[in-house]
Amino acid sequence: MTGSQAASHPSGWVAEALRAHDEQAAGRPARQGSPQPAPGTVREELVLDRIDRARRARPRVKEERITMSHGAGGKATQTLIEAIFLDTFRNPLLEPLEDAAQVHVNGARVALTTDSYVVSPLFFPGGDIGDLAVNGTVNDLAVSGAVPLYLSAGFILEEGFPVESLQRITASMQAAAERAGVQVVTGDTKVVEKGKADGCYINTAGVGLIEYAGTLGVAHARPGDAILVSGPIGDHGVTIMLARGELDIEADVVSDTAPVNGLVRDLLAQVAGVRAMRDATRGGVATILNEIAAAAGVGIAVSEDQIPVRPEVRGASELLGIDPMYVACEGRVVVVVDGTEADRALAALRAHPQGEQAAIIGQVTADPPGIVQLKTAFGGTRIVDLLVGDPLPRIC
Amino acid sequence: MRFVDEFRDSDKAHALAAKIAELCEPGRQYKLMEVCGGHTHTIYKHGLEDYLPEQITLVHGPGCPVCVIPMGRMDDAMALAAQPDVIMTSFGDMMRVPGSNGSFFDAKARGTDIRMVYSPLDSLKIARKNPDKRVIFMAIGFETTAPSTAMTILRAAAENLANFSVFCNHVTIIPAIKAILDSPDLRLDGFIGPGHVSTVIGCRPYEFIARDYGKPVVVAGFEPLDILQSIYMLMQQLAQGRSEVENQYARVVPWDGNLVALKAIGETMELRPYFEWRGLGFISHSALSIREQYAQFDAERLFSVPGVRVADPKACQCGEVLKGVLKPWECKVFGTACTPETPIGTCMVSPEGACAAYYNYGRLTRTRVKEASRS
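Chains as they are written, first to last, in my numbering: chain V, 674 to 1069; chain Z, 182 to 556.
Source of the hints: derived by calculation from the structure; they are not laboratory data. These numbers come from a predicted model, not from an experiment. In this text, a Cβ means the ideal position worked out from N, Cα and C, and glycines have one as well. Watch out, some of these pointers could steer you wrong.
[What the hints assert, rightly or not] Covered, in the sense of this in silico footprint (three residues per stretch, anywhere, with C-beta under 8 Å from a C-beta of chain V), are these stretches of chain Z: (1) 257 to 268; (2) 285 to 296; (3) 389 to 403.
[As the list claims (entries may be wrong)] Incomplete in silico selection of chain Z near chain V, CB under 8 Å: (4) F463; (5) F515; (6) Y540.
[To be verified] Okay, derived cross-link-like pairs now, BS3-like style, lysine-lysine, Cα gap no bigger than 25 Å in a straight line: (7) Z:K444 x Z:K359; (8) Z:K306 x V:K867; (9) V:K869 x Z:K310; (10) V:K1048 x Z:K193; (11) Z:K212 x Z:K359; (12) V:K735 x Z:K359; (13) V:K1048 x Z:K306; (14) Z:K200 x Z:K226; (15) Z:K226 x Z:K359; (16) Z:K226 x Z:K212; (17) Z:K314 x V:K869.
Bound conformation, chain V alone:
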């Protein structure tokens, strides 16, 4: 394949890809920091090394325009965040890419977070966009070890949106705020022309005080740690898919949207060895596990038969051909805890009403770094990777 052939190819990316291949073939020196394959290594090994290098390469958004994949929580979202937002705003507080940033204000440790909500439909079994907007932000604060205190609420409303619906949404926001023990203390309203938005979008930001003495973060996971989830996974995502009514499937399943700050408070009070927590929203538990593996440079091994999934959710997922591991939750926490404290952490979670079905789902391993492996119920193993795309938009 010559360079001129590659250039005459009608497709921009194919030409680019082939150029990349030509460069490789021409023996371009490997990127800085990548291990040079030892002489005499078989070619398969070389190819695998090359893949490893490509994976560690600096992320780049190849698309010219934003596509729905960029919002799906998988690989494209991660690339967008790292290549555009992190690259532009880069600072030590942003860099960990945790659910909330930790800032120091006059000696106090403050957690700060924000999240926007564009769920469709706005009202669904078990909740609506209002309690989602409060719980989501409360949970991002809680899993950072903070006690959530104050929220802001920004509304983008579409011309023609029923006031009665807005009242229902604000009422459920207030109820969720009361349940979580936070207050909505500032806000903003914008109205856009009909057709420029889908009814109602909400942004909330939140601050909380970090009283927990330890340091939490997915980068702290180390081999021997245990991985827990606080309850059955995938309820929210499946509820939303079914609530859209496009699939003609009916199942008795409701969203798990709930504030987890009470559950987290109890856990942190009783267990010393908690290393990290994440609420498993968009991208599901699988995405969180990949974030842990990547951030800490560890492997993760989970067992399918240990992961709690409601039969309704499993059934709907089977029918739809999706994997509950990738389906969003809105009130579930993934916990990484020192292996010796695993049982104690499990007991602490199960003692709380929201954690009755908590489970230890796997362990952190030394090898292979960056990879999440699932022991299937059938008895095989497979890798649980980040999703390249997600056909199910706007679930939160």
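Chain V is already provided as a structure; the job is to place chain Z on it using the hints.
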């Protein structure tokens, strides 16, 4: 869960794996092709290869309908979608498939009206709701999905719906298998036959594989134990020197197929003289077009389709990978020009494709100690 867990029993799997291992002749390598992308998915989802001895290699075949659509055909679809007042409707898994100028997702981002549907009947609904628009359904798939497209055309005809048409890309599995069998460098020992396709066409169409090419075929279901049992049945045939068509999926697949579905296809569609497959090139009589009688629902007749031809990049060796001649990593562009994010060939497009799977899991597969070889 009933009717699911029974087919995923790990004790039964261990027992079957032991029997399969016993049937392996020492020193002999076995290459079995699972033709259908659905089987590949099951194999990866459940980690089924852990149960197979090193001597058995599963080769992932051409039966992923999304992956085999050539780039030119995607470009044609993109051109159709960009016509005035058109709403293009497509299954979700087509959204990521690259044409020369990006995928449906990219076109959607540029403002083209492309909507995801779960069934062609949903496209009909959209057509009814938008009488001032021209709704096109991007029909893809083997004989499995062709009947639902056929039924949709018949429904549209009954309703005399004027603003609905189909961009027909249905392909047929037999010519593709034959193309693979006819290649001089074939290395396959047997076939795990496609279960869903066979619910429509039955088992008879595979008889030539056993009779003329001497390769056993076992039509298989989609649960992991189905596939393991099918491999066992294939290994039994190989051990006994037989080559026959057997039906492991008899609980669903009738030997003669689904006559009603076949009739609906026959009523509305006919074979094209030839059709291009990504990675395999042009294969004669391997795809379906809409019959003259239903011309009013044929997007290719209603619109001027550019008929774009984009040759597979020369360096792409999907054909060899599909035939089991090359391992994914032996392809010239594997992992450099061709990656899951920027796939060139069919094997990299779908996460189930042989190359995408190897790209993601290769390192692990190499280091893994196989269950069967331990026991």
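Report the numbers of all earlier hints that the structure fails to satisfy, in ascending order. 1, 3, 4, 12, 13 and 15
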